[in-house]
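Colleague: Spelled out from the first residue to the last, the chains are:
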Amino acid sequence: MLQDTLDIIIRNKEGFLKGLLVTFQICVIVWLIGLVIGTFIGYFSTIYKILKNIIRTLSFVLSGVPVLVFLFWLHYPAQSLLHISVDPFYTAIFMLSLLNIIAVSEIVNNGVNNLPKQYVEVAKVCGMNSKDTFIKIQFPLIARHILPSLLTAQVNTLHLSLFASLISVEEIFRVSQRIISIEYKPVEVYTALGIFFLIVSLPINGFAIYLKNKYNRRLDEK
Amino acid sequence: MIKAKNLYKSIGSSEILKDINLELKKGEINVLFGPSGSGKTTLCRNLSLLDNPDKGEVEILDHKYSFPQTKKFTKLPYPKISFVYQQLFLWPHLTNEENILLALGKEDNTENKDFKELVDFLEIKDILKRYPNEASIGQKQRVAIARALILNPEFIFFDEITSALDILQTKKIAQLIQQLKAKGMGVLLITHNLDQFKLIADKFIFLHNGTIVENGSFDIFTNPTTKELKTFLQ
Chain E
6 MLQDTLDIII RNKEGFLKGL LVTFQICVIV WLIGLVIGTF IGYFSTIYKI LKNIIRTLSF
66 VLSGVPVLVF LFWLHYPAQS LLHISVDPFY TAIFMLSLLN IIAVSEIVNN GVNNLPKQYV
126 EVAKVCGMNS KDTFIKIQFP LIARHILPSL LTAQVNTLHL SLFASLISVE EIFRVSQRII
186 SIEYKPVEVY TALGIFFLIV SLPINGFAIY LKNKYNRRLD EK
Chain A
7 MIKAKNLYKS IGSSEILKDI NLELKKGEIN VLFGPSGSGK TTLCRNLSLL DNPDKGEVEI
67 LDHKYSFPQT KKFTKLPYPK ISFVYQQLFL WPHLTNEENI LLALGKEDNT ENKDFKELVD
127 FLEIKDILKR YPNEASIGQK QRVAIARALI LNPEFIFFDE ITSALDILQT KKIAQLIQQL
187 KAKGMGVLLI THNLDQFKLI ADKFIFLHNG TIVENGSFDI FTNPTTKELK TFLQ
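Protein chains in written order, with our numbering: chain E, 6 to 227; chain A, 7 to 240.
The shape of chain E in the complex, shown without the other chains:
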């Protein structure tokens, strides 16, 4: 079976590469948007309670409805109601970014709130200004604490990107389905797909576990 899988990958390498490229494009854009905007929102939601409430409400609503339903709704009824036509690639980017922003902002919010305030107080007592306190104390401590969860959330986003195929985005899953319809070998094609996801996800997850073990030991101090 492994030989068959390799043969299929080689025969359809162009199609697979194009699909991979689209998947990577989606992921990189969604990761960047989620990490940048989510970090800002997460940090400021510790200061402005209204922001925190908005994120909590959105998270509550979105976690109650499958991503697929939202994607379909955004792609078909919403666009026909608004009389607009948006490339499914951007629809998928919008939906996945929204989910990633919420996930990242919740992780950042928890990270900031869980940092014992005494670490900052000590800096204040030592006469450090707020800029130095943020750069030298708060940021490194919070970053170490939340980095594993952030990485895991990004792997999750990669997996969610598969749903983009269902609104006709030409990413790896849709390409795989098309190859199956030509080759009639679903097991081999899905195995190839699984191997791809393992190659990308496992190192990130492994790194997340490594960071978690490394920094949790250091943070035992508190």
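These are computed hints drawn from the structure, not numbers from a lab. Keep in mind that the hints are not guaranteed to be accurate.
Stated by the list, open to error - Covered by chain A, per the in silico footprint, the following chain E stretches (three or more residues, Cβ under 8 Å): (1) 110-124; (2) 143-154.
What the hints assert, rightly or not - Simulated crosslink set (BS3-like; lysine-lysine; CA at most 25 Å straight-line): (3) Lys141(E) <-> Lys122(A); (4) Lys129(E) <-> Lys78(A); (5) Lys70(A) <-> Lys31(A); (6) Lys217(E) <-> Lys135(A).
By construction, the Cβ of each residue, glycine as well, lies at the ideal position given by its N, Cα and C atoms.
Guided by the hints, dock chain A onto chain E, whose structure is given.
Modeller: Chain A alone, transformed into the frame defined by chain E:
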């Protein structure tokens, strides 16, 4: 000098501090003691302005802070007053050396005279390059003290720092506190370990249910005047 006038503090509906009037002088060792939950840590935090009292006035080194606060304080008393927590709160991502030197603000302060003296006196040379979680509780305690002392504060607050130490280490801390007094530093020490500090302290403040019940020299132990202190000492 640190002075508290008619200080009140509540958390939720419970009144933690009630009408606190207190005076701490430079070059004096003050011991704050009392039953658990009597408000010792809250008093310490309010006197050092880590928390704001609800009502009253705190005067720190000729600067008055009135409460309730009507505007943001432009001048805070740090690092002229310093604080060492019971749980220490050494920054876990920095080495012990970085923990001590960070406040000095320069890249390399290892040649700093005060730093060298503190390291020698507190016997922490061997653990400077280690992280806090790689040191024993006694060593961490000494690093936290060094961090508080490196900026030469005029007053220092110790919140039950000897609770996890053995008798020898506690004696060493008592010796250090005497040296701080000799340098003219004012000390406020919260402790349950009264025996160790009875002989070195100048003033004892007994707190009960958020009120200073007795306040004075060693005599309050030989001749307690209130029922609360008598019960506490039994």
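Colleague: Taking a Cβ-to-Cβ distance below 8 Å as contact, does the region 110-124 of chain E have at least three residues touching chain A?
Modeller: holds (count 3)
Colleague: Hint check: Lys129(E) vs Lys78(A), CA-CA at most 25 Å. Holds or violated?
Modeller: Roughly 15 Å between the alpha carbons, so the hint for Lys129(E) and Lys78(A) holds.
Colleague: Mind checking the alpha carbons of Lys141(E) and Lys122(A) for me, to see if they're no more than 25 Å apart?
Modeller: Cα-Cα ~23 Å, so holds.
Colleague: With a cut-off of 25 Å on the C-alpha distance, tell me whether Lys217(E) and Lys135(A) pass.
Modeller: Since the Cα atoms of Lys217(E) and Lys135(A) sit roughly 23 Å apart, the hinted pair holds (cutoff 25 Å).
Colleague: Could you grab the alpha-carbon distance between Lys70(A) and Lys31(A) and see if it respects the 25 Å cut-off?
Modeller: holds (16 Å)
Colleague: In terms of beta carbon proximity below 8 Å, does the region 143-154 of chain E have 3 or more residues touching chain A?
Modeller: holds (count 3)
Against the hints set out earlier in the document, no violation occurs for any number.
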